[in-house]
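Since each chain comes alone in its own frame, lean on the hints to assemble the complex.
If you're matching them up, the sequences are chains S and V in order. Just so it is clear: in the first sequence, position 168 is 168 by the working numbering, and no numbers are missing. Just so it is clear: in the second sequence, position 129 is 521 by the working numbering, and no numbers are missing.
Read the hints as simulated data drawn from the structure, not as lab findings. Mixed in with the good hints there might be a few duds.
[What the hints assert, rightly or not] For lysine to aspartate or glutamate, the following DMTMM-like pairs were computed, each having C-alpha atoms within a straight-line distance of at most 20 Å:
no., chain 1, residue 1, chain 2, residue 2
1, V, Lys-412, V, Asp-435
2, S, Lys-31, S, Asp-80
3, S, Lys-97, V, Glu-501
4, V, Lys-487, S, Glu-115
5, V, Lys-494, S, Glu-115
6, V, Lys-494, S, Asp-149
7, S, Lys-388, S, Asp-161
8, S, Lys-245, S, Asp-218
9, S, Lys-346, S, Asp-99
10, S, Lys-388, S, Glu-162
11, S, Lys-352, S, Glu-158
12, S, Lys-74, V, Glu-498
13, S, Lys-346, S, Asp-161
14, S, Lys-2, V, Glu-514
15, S, Lys-2, S, Glu-141
16, S, Lys-31, S, Asp-160
17, S, Lys-97, V, Glu-498
18, S, Lys-74, V, Glu-501
[What the hints assert, rightly or not] What follows is a list of derived Cβ distance ranges for each label pair:
no., chain 1, residue 1, chain 2, residue 2, range
19, S, Gly-333, V, Glu-418, 47 to 55 Å
20, S, Ser-356, V, Gly-500, 31 to 39 Å
21, V, Arg-492, S, Gly-327, 41 to 49 Å
22, S, Lys-317, V, Asn-425, 50 to 58 Å
23, S, Asn-182, V, Gly-500, 31 to 39 Å
24, S, Gly-333, V, Gly-500, 25 to 33 Å
In this text, a Cβ means the ideal position worked out from N, Cα and C, and glycines have one as well.
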Amino acid sequence: MKAACWNGKHNVQVMSVPDPSIINPRDAIVKITTTAICGSDLHLYDGYIPTMEKGDILGHEFMGEVVELGSAVKNLKKGDRVVVPFTIACGNCFFCKRDLWSACDNSNPNAATAEALYGFSGSGLFGYSHMMGGYAGGQAEYVRVPFADVGPLPIPDELDDEQVLFLSDIFPTGYMAAENCNIQPGDTIAVWGCGPVGQFAIKSAFLLGAERVIAIDDVAGRLQMAAEESNAETLNFKDQDIYDKLTEMTGGIGPDACIDAVGLEAHGTTLDAIYDRAKTALYMATDRSHALRQAIRVCRKGGTVSVPGVYGGFLDKFPFGAAFSKGLTFKMGQTNMHKYMRPLLKLIQDGKIDPSFVITHRLALNDAATGYSTFSSDKDGCIKVIMKPNLN
Amino acid sequence: MPDGRTHWVAKGIGGIGASKVEWDAEIYNEIENEMIAWRSVDDADVVNAGSVRFHAAPTGHGTYVRVVLNYNPPAGTVGASLAQLLGTEPGQLIKEELRRFKQLMETGEIATIDGQSSGRAEGAVGITPGSFKSEGASPDESQEG
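Chain V extracted, bound-state conformation (with noise of 0.2 Å):
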């Protein structure tokens, strides 16, 4: 956006009504190479605050980051949660993003299964005696993982 401020959509919504949430926010504090500061602006549907810190680890040890994320709950909703919100609890959601940001730091991609081969592939049969649905499966064992 031309004022420097950023546009963020956050999809994955459950539980509440909305299929998304929507809000502008301005960088208010950045330091090179140590943090980033962050606050939702105007009509946020969430209201939130933030910052990453970066931090020189112990030698060997790369760089600590850390995550402060404030947020408050949509206007007009009830007992909504962030955690509905997002279909997660928000501490471990940012745990993972974190894990991914390492490794892609680290590493150049993100590890994934996502779209590999397996027998619960569309078009996979058997070829030699055994079954797919094992002997003993309880019904609510699901095929498709």
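In isolation and in its complexed conformation, chain S is listed as follows (with noise of 0.2 Å):
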């Protein structure tokens, strides 16, 4: 078959790779009709991720029709039509049975390495390297599911699969950082970064209930996306001191809660490895971090910060006295997205939220790489790709 491989930064290589066939009974391969390319996969496409391997197969928000299911899958039938969330869980351990999805203790196969990293692992992840589980991804024609009986959500035929592919990922995943936001009825929120999971943390705060929403970016089209799509009130950060602007538009108490939808990434294996890397987090913090450390500062007093962008390794500044004076609430993590699939699907289909308005371009899965190269550069526009390996 064909599939994005990662063979070194900045070096994304449509391959031909064996098909995946089933390994554990809960197994199942789908056969991949839209995949995407996501702003975390950005982050293994600039070289910031260890533990990935050249020929890894990227990619980790798909969906696809069943072709083959384990002997233990009994819930699926081959030509089922599904979305596969990014995150793996077995849906019986201590945390699938708290609705804790992203810290499933029995999907990642390398738990030891982020054992040492982090005290504990999360949950298995599709196509995010080694640490994560090494699974091969989706950005493919096909590709194995395991604990596919827990994870694939059917689609109704009158769904195309545009509307669906983002339940992958990236809807839940700004749904959370909203939901984690305990918005409340004349709340106004503030999101940093204005990508596709801050678009969704947008207008997902909408539908929670907050009365004002704040998008904060320095592209333009993205602060343009967030405005027409979602009614969003938009701050360019070049333009003006945020801390200034967002408490004089909040009557000088600053936002309700704040989403930090920018994040940044460092990661290591071995105790030497994360040194290194925790002095890349430090260099990434001075230049990065800027986004998280002014959502504490401008958060009102008693306000939530939400943190749906992917952090990795250390933060350097950190300002905890604001935070502690304030008596922030901070709220992040991996999306626990079995706990979303079915309710934002049902939304979907009630006509709530048509989540195709982020795409801004459809290319072949022959074209990965001037997808990543276009994404990367933020060049033509680009705020969201999407693949399909049935193009030429």
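Following this line, the structure appears as structure tokens:
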């Protein structure tokens, strides 16, 4: 089959590789109909994530048709059209039973590596480094889906791929970020980062009852999308002081909740790698955790800072004193996907949201390298790239 | 074995020239649903004894499983550790075995990526521009992963 492989920094190549096969009884094989490049894939592309190996198949946002089932999967049948969550969860451990699906205890074959860095390992992820399990991803013609009796969500025929594809990650991720804000009537929510996750956080905040959402970015096209698609008020951080502007817009008290949909990443596997990556993280932190520091500073007293943006290492100059002094609540983490997919599918079916609004680029899988470079460089108004294996 | 003993063979031996170690073991204490204790008998390559204990955990937390293993290095080897014999540190080895046991108990299978597809597989070839051997790769960066 064809698959987009990570072959090093800024080196994505479509390769002909063996078709996947059933390995465990709870596996399924899905024939991909549509897949996407996630903002977090760019951190792989840019070489920030260790424990990637050349030849790893990329992609954690995908959907398709079930073509093969392991002997233990009874709830799906061949031909079912499914969206697959990017987090892999067993459905039966302490964490899955408490709806903490992204903390699944049983799905990462390399849990020991993540434990060395974080104390405990999160769930396995598709196409997102060997520390997170090393599972082959879905930017391919076919993918092996472990615990297929728990994850894949069957999709009714009347919904097309573009409407439901983002149930695989970014819609639930933006939604959980907004839900984590515990939004009350009259609330104002500020969102840093208007990439795809930010766009869904903005829309979700309104769906959950926010009165105002203020979107912050420096890419004009993203701010325009936030304004046009969701009626967000927008601020370009290059043009103004965000603290001054947000306090002014909120009668002097600051936003009720702040969402950091920017994030940064730095992972490590061995002690020396952790140390090296820590240094990298510190470098990045001086450069890029500015959004989080700003969110902590401007958030109103007793407010919530919600972090869907991915962090991997150590933060420099984290203003914990401000957080303590103001009594802030912090909510964060990989999305508990399985909790959200069904209710959010219902929102799509009810016409409350059409997630396809974020798509700016539609490519063939063969053009994966172009997709990565275009998305990576913000060229051409690129906000979201989807790819289809059956285009040429 | 007829007398209730079990015969064990451990492979993956490195460092001391032995390709495997063998021993017979007997279970000398067993309490249903609570514990199993064993010890090696006769001329074991690795004299060892150990136990597995099962405790009811607090509500909703399942069962705690605790393994204790004691061992002596094989006769005739000087300075050999079980780590050398088994190729890894025994505490970590047992922890990983317990992790796999937990996976098997809770999910019916053991999470793995062994046998999955990748660009490292035999016969995999690039079909669009790009290079498997990325530019700037150092010579010791194996493609075989």
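### Message
Of all the hints numbered above, which does this structure not satisfy? Sort the numbers upward.
### Response
The structure conflicts with no hint, since it agrees with every one listed earlier.
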